[in-house]
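Visitor: Read left to right, the sequence shown gives residues 567 to 1080 (my numbering).
Hints are not guaranteed to be accurate.
What the hints assert, rightly or not - When the alpha-carbon atoms are kept at most 25 Å apart in a straight line, the in silico BS3-like pairs for lysine-lysine are as follows: (1) K917 x K978; (2) K1047 x K978; (3) K615 x K641; (4) K917 x K892.
Stated by the list, open to error - DEER-style ranges, computed between Cβ atoms: (5) T619 x F580: 47 to 53 Å; (6) K797 x A657: 51 to 57 Å; (7) E616 x R740: 43 to 49 Å; (8) D1068 x A657: 14 to 20 Å; (9) A769 x K615: 50 to 56 Å; (10) E665 x D782: 39 to 45 Å.
It should be emphasised that the hints constitute simulated quantities derived from the structure, not laboratory data.
All values derive from a computational prediction rather than experimental measurement.
Ideal placement from N, C-alpha and C gives every residue a C-beta, glycine not left out.
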Amino acid sequence: MSGVLNLVSVGPGFDDLIVPRAIAALRDSDVIVAYELYLRWIAPHIEGKEIHTPPLTQERERALLAIEHARAGAKVALISSGDIGIYAMAALAFEEMREDDTYEVNVVPGITSANACASLLGSPLSHDFATLSLSDLLCPWEWIEHRARHIAQADLACVMYNVQSASRQQGVYRVLQLMLESKAPHTLCGVVKNAYRPGQEVAIHRLDELPSLQFDMLTTIVVGNRFTMRKRGRIFTPRGYNDWAQPEAAEASREGELPDNALWVFSGTSDGNALAAQLARGQDKNVVVSAASDHGGDMARQDCPGVSVWAGRQGVEARRRVLTHKHARLLLDATHPYASGMSEQLIGLSKELGIPYLRYERPSEYQPQDGELCASMEQAAARAAELGGRIFLATGSKDLATFMATPGAADKQWFVRQTAEPELIERALALGIPRERICAMQGPFSAEFNTALWRDWRIDCVVTKDSGGAGGYQAKVAAAKALGIPLLVVARPRVEYPAVVDDIAGVLRECEAL
């Protein structure tokens, strides 16, 4: 008698998400081989059958056991959650089969983790996407990094499986950093834990927020692409192929308007724009200002009349291309003191492309009497939760998730100030900041404004950055002292800059040497 090996997918965990063909295969089988957890989902369909449950770590043993019963003539169902053909048991079963085996093989598809998580998030996988397992048990870590890098460079949406385990803590953060090298930091992402199982958790974050989070093996990360957007509390990626060509065409058009052999000033700050304007006036050279947002581009056009502006969310591939095509003469890094990721990217491009790099770093103004210096955002979040009950974050929008995730955060009242960009306001709301605690305004602000705002909001602790004079640092120090409330100052990130100057005269001297 010829046996049957049914390779059966039982989906994410709910009985009503098991496809009818899987149920039919279970009922038609005499022997069930499965990890014990899966039996809860299929119990009504396997009563009275011979059941074998080797432990989770014995996957190959499960496959061999199922094959032995099929060779003996039994009808066997080898069970896997999700889809048995995706990161699951089907491949092991095929590895262990022999060419001369005579039993029938049926592969029954199911709802994958990617499908399940995408449905909870909205529709983030509506265009090309990739899946990537972060487990290096069966695949060298170098391969995982290589694939992650190319997924990011292609700006594919991506679903990450096997994200983090007790023995693999740091890999996911390395992959997220690779994603951030090519994808925009504001790329929308989803984090889903226990999809369609007890304890289900679903959250939406920006890509640059993910490195501050903790994950586990029950978590799946979905990373969108540059077009992924938010609507009604969900995220989706548009399908429109015709529309997708337009940003590239527009980018090429903007690229064609930029001068060759220019000094490139990477700005987005008022002092960076002032530096670019002075370079354009004082040097008989072309100057391009690159800003990370459309608002930053508008400010650059206002502050630097006559200077070429390249604005918008660009990844490293776009920067590499335009700097090469336009034969950039210098990369002048005048980005915010806390934009360390951008600085490191520019340093890397300088080395790769052979273009000189110069860092303009606005001077630090922190003094020990100003307040308590914290080494990181995580440390500042923990101290704020210890010191205050009504805490004002003058740190911008990027690190909100770090503060909201700190132990004890739910028992505090958090107030934030950030620019009035709709996506930033939506992000704060999604993290649990009530509308009435969001001050959406463009700084810098005077000491009098800060004092009045913090007094009216009854703030009892303030967190800020060592942002220097251009960032209104002294006004925040003065307001905190006037109100007698603690000020936590987050130290600047440490970056090994190849060359640094802290005044415009120094920049002009370096440029004269070119």
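Visitor: Next step is simple, just say for each hint if it's right about the structure.
Guide: Each hint, compared with the structure:
1. K917 x K978: violated, 45 Å
2. K1047 x K978: Holds. K1047 to K978 sits at ~22 Å (cutoff 25 Å).
3. K615 x K641: holds, 11 Å
4. K917 x K892: Judged against 25 Å, a Cα distance of about 17 Å means the pair holds.
5. T619 x F580: 47 to 53 Å: With Cβ atoms ~21 Å apart, the hint is violated.
6. K797 x A657: 51 to 57 Å: At roughly 38 Å between Cβ atoms, A657 and K797 fall outside 51 to 57 Å, so the hint is violated.
7. E616 x R740: 43 to 49 Å: With Cβ atoms ~45 Å apart, the hint holds.
8. D1068 x A657: 14 to 20 Å: The hinted range 14 to 20 Å is violated for D1068 and A657, with Cβ atoms some 57 Å apart.
9. A769 x K615: 50 to 56 Å: Since the Cβ atoms of A769 and K615 sit about 39 Å apart, the hinted range of 50 to 56 Å is violated.
10. E665 x D782: 39 to 45 Å: Check passed, 40 Å falls within 39 to 45 Å.
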